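Number of protein chains: 2
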Amino acid sequence: MQLGKGVEWTAHICAMLPLVPPGRGLSVDALADYFEVPSAYLAKQMQLLRRAGIVQSVRGKGGGYRLARPIDEISLLDLVTAIEGPTPAFRCTEIRQNGPCGLKRKDCRRPCEIASAFAEAERAYRAALASRSLASIAQEVAVNASPEHLLDIAGWVQRQVG
Amino acid sequence: MQLGKGVEWTAHICAMLPLVPPGRGLSVDALADYFEVPSAYLAKQMQLLRRAGIVQSVRGKGGGYRLARPIDEISLLDLVTAIEGPTPAFRCTEIRQNGPCGLKRKDCRRPCEIASAFAEAERAYRAALASRSLASIAQEVAVNASPEHLLDIAGWVQRQVG
Numbered sequence: 395m396q397l398g399k400g401v402e403w404t405a406h407i408c409a410m411l412p413l414v415p416p417g418r419g420l421s422v423d424a425l426a427d428y429f430e431v432p433s434a435y436l437a438k439q440m441q442l443l444r445r446a447g448i449v450q451s452v453r454g455k456g457g458g459y460r461l462a463r464p465i466d467e468i469s470l471l472d473l474v475t476a477i478e479g480p481t482p483a484f485r486c487t488e489i490r491q492n493g494p495c496g497l498k499r500k501d502c503r504r505p506c507e508i509a510s511a512f513a514e515a516e517r518a519y520r521a522a523l524a525s526r527s528l529a530s531i532a533q534e535v536a537v538n539a540s541p542e543h544l545l546d547i548a549g550w551v552q553r554q555v556g
Numbered sequence: 395m396q397l398g399k400g401v402e403w404t405a406h407i408c409a410m411l412p413l414v415p416p417g418r419g420l421s422v423d424a425l426a427d428y429f430e431v432p433s434a435y436l437a438k439q440m441q442l443l444r445r446a447g448i449v450q451s452v453r454g455k456g457g458g459y460r461l462a463r464p465i466d467e468i469s470l471l472d473l474v475t476a477i478e479g480p481t482p483a484f485r486c487t488e489i490r491q492n493g494p495c496g497l498k499r500k501d502c503r504r505p506c507e508i509a510s511a512f513a514e515a516e517r518a519y520r521a522a523l524a525s526r527s528l529a530s531i532a533q534e535v536a537v538n539a540s541p542e543h544l545l546d547i548a549g550w551v552q553r554q555v556g
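Sequence lines, in order, name chains B and R. The working numbering puts the first residue of the first sequence at 395, with every later residue one more than the last. The working numbering puts the first residue of the second sequence at 395, with every later residue one more than the last.
Note that these hints are calculated values from the structure, not bench results. If you're wondering where the values come from, they're calculated on a predicted model, not measured in any experiment. Do not rely on the hints blindly, as some may be mistaken.
Put simply, identical chains are the same to the list, so a pair is met inside one copy or across any two.
Within a straight-line C-alpha distance of at most 27 Å, the following computed BS3-like cross-link-like pairs (lysine-lysine) qualify [as the list claims (entries may be wrong)]:
(1) K500 with K455
(2) K498 with K455
(3) K399 with K498
(4) K438 with K500
(5) K438 with K455
(6) K399 with K500
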């Protein structure tokens, strides 16, 4: 069970995007350079965030991606769902209906007990991700970083947006 | 983020294996027929369970796989770890050390805040899976099943082990 690399990349990107001034954005190429990740693959991940309403794109010089809503309204669950889709990790294929002792479909109105147990664990996982906003993470990053490092990042952003 | 099909298959199989009489086992072919799943792929999943000490194999006529320990000592987490391995769903590649503003390695003794948040959610997921024994699930299945269906399954197991 693996989350795609895009989840890590976009979490870092979203934690940085609040530094972008109003009306400006960061290009995929700039973001790919910043994190040393492949630009083409990152472009796809950013499109997924755009479709989910997490980022928006700004055209023209100094344009690119910026957050589409306040960072405290974006949770880690929003990010994972945008990148990975809403499909649960455990997919029940109803094998209890298979084979020589298979249940009839009409006797399967109640969800499979095994699928229910996995669904419960996934609810706990999703609840934990939903309870963490990107704002709280960005704040932790800022608290733990040195002032020099924060200035370094802010300076880089400023240079990109011109 | 997906769990392999082997997790579903082996959860159903482990819930059934307590019906196997002492000293006997169920062959992979019989289990594959029972659930209508591919025998070769199931064989690999059962080997993973054997390596994890969840099932053991019994040789000879009426031989095959049986549980290696009491079913109330096997959790859904044991099963998932056996099939999927212990690797976390979120893998931190330390991209905070990349690029023009990358942190130096010596400044990264504290875990990345993003990786920590995902690890916390995974702990909630694993704790939920660890709290569910296969015994509790098998019991739920038995309580929800009709007596005829349970006799049907027990009869099938008896025919396999001769």
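Hints, one by one, checked against the model:
Taking identical chains as interchangeable, the C-alpha atoms of K500 and K455 are never at most 27 Å apart, the minima being 61 Å within one chain and 37 Å between chains. Taking the shortest Cα distances, K498 and K455 never come within 27 Å of each other, neither inside one copy (63 Å) nor across copies (32 Å). Taking the shortest alpha-carbon separations for K399 and K498, only the inter-copy value of 22 Å comes in at or below 27 Å, while the best intra-copy value is 41 Å. In this assembly of identical chains, the alpha carbons of K438 and K500 never lie at most 27 Å apart, being 42 Å within a copy and 33 Å across copies at closest.
Taking CA atoms no more than 27 Å apart as the test, K438 paired with K455 passes inside one copy only; the shortest distance there is 21 Å, against 55 Å between copies. Taking identical chains as interchangeable, the C-alpha atoms of K399 and K500 lie at most 27 Å apart only when they sit on different chains, with a minimum of 24 Å there against 42 Å within one chain.
Of the numbered hints given earlier, the model fails hints 1, 2, 4; all others are met.
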